[in-house]
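Trainee: Below are the chains, spelled out letter by letter.
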Amino acid sequence: MKADQKILSQVIDILREHVSKDAEIRPETNLEADLSVDSLKSMEILAAVEDAFDISIPINVLSDIQTVEDLAVQIEGLLKEQE
Amino acid sequence: MGLFDKFQKTQESLNSLRGYSQSFFNVVLEEIISSTEAVINGRPTILAGTNNYLGMPHRKECIEAACRAIEEQGTGTTGSRMANGTYSIHVELEQAISRFLQKRHTIVFTTGYSANLSILSTVVGPKDIVILDADCHASIYDGCRLGGVQVYRFRHNDMADLEKRLKRLTKKGTNILIAVEGLYSMLGDRAPLKEIADLKKEYGAYLLVDEAHSLGVLGEKGRGLAEEAGVEDQVDFVIGTFSKSLGSVGGYCSSDHQELELLRFTSRPYVFTASSSPANIAAARKALEIIEKEPELRERLWANANMLYGRLKEMNFQLGPEPSPIIPVRFREIPRAFEAWNGLLERGVYVNMVLPPATPDGTALLRCSLSAAHTPEQVEQIARAFEDIRHLA
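Chains as they are written, first to last, in the working numbering: chain A, 45 to 127; chain B, 2 to 394.
Please note: incorrect hints may appear among the correct ones.
Stated by the list, open to error - Derived DSSO-like pairs: lysine-lysine, alpha-carbon spacing no greater than 30 Å straight-line:
1) Lys10(B) to Lys85(A)
2) Lys195(B) to Lys168(B)
3) Lys46(A) to Lys172(B)
4) Lys172(B) to Lys202(B)
5) Lys294(B) to Lys61(B)
6) Lys195(B) to Lys165(B)
7) Lys172(B) to Lys50(A)
8) Lys168(B) to Lys124(A)
9) Lys85(A) to Lys168(B)
10) Lys50(A) to Lys65(A)
11) Lys222(B) to Lys314(B)
12) Lys128(B) to Lys165(B)
13) Lys46(A) to Lys65(A)
14) Lys165(B) to Lys85(A)
15) Lys173(B) to Lys46(A)
16) Lys10(B) to Lys65(A)
17) Lys128(B) to Lys46(A)
18) Lys124(A) to Lys172(B)
19) Lys124(A) to Lys50(A)
20) Lys202(B) to Lys128(B)
21) Lys50(A) to Lys165(B)
22) Lys128(B) to Lys124(A)
23) Lys173(B) to Lys124(A)
24) Lys61(B) to Lys222(B)
25) Lys128(B) to Lys85(A)
26) Lys173(B) to Lys50(A)
27) Lys65(A) to Lys85(A)
28) Lys168(B) to Lys50(A)
29) Lys172(B) to Lys85(A)
30) Lys85(A) to Lys314(B)
31) Lys124(A) to Lys165(B)
32) Lys85(A) to Lys173(B)
33) Lys85(A) to Lys7(B)
34) Lys168(B) to Lys128(B)
35) Lys46(A) to Lys124(A)
It should be emphasised that the hints constitute simulated quantities derived from the structure, not laboratory data.
Kindly generate the complete structure, drawing on both the sequences and the hints.
Mentor: Here it is, written out as structure tokens:
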């Protein structure tokens, strides 16, 4: 599923603040394998995402989030739920 | 991909430990000398990583009660609490815990793990919400997963983060259960329970407190953090274990909600497992009596905890946030933590090795737990062993 471009670009901006400066971040980038996001870092990133979008992400969906685009798709779903 | 390929990372981690004389994964206690000493690698070793807070496993009264229960009622119940596995001693222990904790209802489970699994997989479901402290025990996470409830984490002991989540999630108009622990098992720090209870009231949530490490350890009467913080009436579900301060095996949930009794019919981890053996139940019951009668055990435990925390602090080790019977000593470099752990063992001191992701901040921890049964001389010996490996921290 394709993510909303505006959300995707916001997610990429947030990720840039939490991962290595040289890392290339694209929609298909794998968070764990390509960006070395471990469980600790993922919590920081999720908190930043939650604040930026004013949403709460349940940990139940974390196993569905492998790539940057997956994260953006989940955010989009949660924003729609709130409408 | 083969069935066992997923274990490759685990195998690699194990391989990396081969260079060390002893791996923390395969420690065998060859002979148990007392609650605080065992033979490891043929050498008497002080046990400083056992969660044996009050020395109950070797109390004569507990051993006698367990032996009597075996002689009179056999070695096992061979059945579920729902079928033939409820003996009068299970019911008596439930009543004794209810009296002790001043709660109306108690269910005894076969382990502390299954207590959390039972409650969190049944009391809340897919339409409800659990907000838990990120450092909660795996059994809390697993119980939530089994029941399919929506789970949200807040940063460890961060009340602003908890409130932010409560604010957002109350808009959903569903039931919210906050789950926290009394003493956290890795950092040994308390939950700010008074503030959590205030937030629970303000946002109309329910509150579960796992007192696994705080029963018999905190509170004037030893009832745990809720007693110490003066908020027992605000706690909807108290979870606990028999395997730490009570020196047995088993778990419980106590509550004033009468619906707790319905879990005996609806909770799969309660129904589909054998009940605790008579020996375990009898030992836990006796240990509970001792906790009520001997507050000096708690005083001794805290004296030991404060002594070791103070000594390690003087040595400039990086420790947990507050003095506690659980004292984590941080090591930034994992190979040095292995070396330190081995060094302590060679000096006759056993502690727990805790590695990421089980550690809260990605560092390695050498986790000490103190006991009322440790002598001041043993505590000093533990401190001296740490002094010897100070250069590795």
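Trainee: Would the pair Lys10(B) and Lys85(A) pass a check requiring their Cα atoms to be no farther apart than 30 Å?
Mentor: Answer holds: Lys10(B) to Lys85(A) is near 20 Å, not above 30 Å.
Trainee: When you check the alpha-carbon spacing of Lys202(B) and Lys128(B), does it fall within 30 Å?
Mentor: 21 Å, holds
Trainee: Given the hinted pair Lys195(B) and Lys168(B), is their Cα-Cα distance within 30 Å?
Mentor: Since the Cα atoms of Lys195(B) and Lys168(B) sit roughly 18 Å apart, the hinted pair holds (cutoff 30 Å).
Trainee: Lys46(A) and Lys65(A): Cα distance at most 30 Å?
Mentor: Given that 30 Å is the threshold and the Cα spacing comes to 26 Å, the pair holds.
Trainee: Take a quick look at whether Lys124(A) and Lys165(B) sit within 30 Å of each other, Cα to Cα.
Mentor: Roughly 20 Å separates the two Cα atoms, so the pair holds.
Trainee: Is Lys124(A) close enough to Lys50(A), meaning Cα to Cα at most 30 Å?
Mentor: The given pair, whose Cα atoms are some 15 Å apart, holds under the 30 Å limit.
Trainee: For the pair supplied as a hint, Lys165(B) and Lys85(A), is the alpha-carbon distance within the 30 Å limit?
Mentor: 20 Å, holds
Trainee: Is the Cα-Cα distance between Lys85(A) and Lys314(B) 30 Å or less?
Mentor: 29 Å, holds
Trainee: Quick one, are Lys50(A) and Lys165(B) close enough, alpha carbons at most 30 Å?
Mentor: Measuring from Cα to Cα gives roughly 25 Å; hence the hint holds.
Trainee: Would you check the hint for Lys172(B) and Lys85(A), treating anything up to 30 Å between C-alpha atoms as holding?
Mentor: 28 Å, holds
Trainee: Under the criterion that the straight-line Cα-Cα distance not exceed 30 Å, is the pair Lys50(A), Lys65(A) satisfied?
Mentor: Holds, at about 22 Å.
Trainee: Take a quick look at whether Lys172(B) and Lys50(A) sit within 30 Å of each other, Cα to Cα.
Mentor: Holds: Lys172(B) and Lys50(A) sit about 25 Å apart, inside 30 Å.
When held up to the earlier numbered hints, the structure conflicts with none and fits them all.
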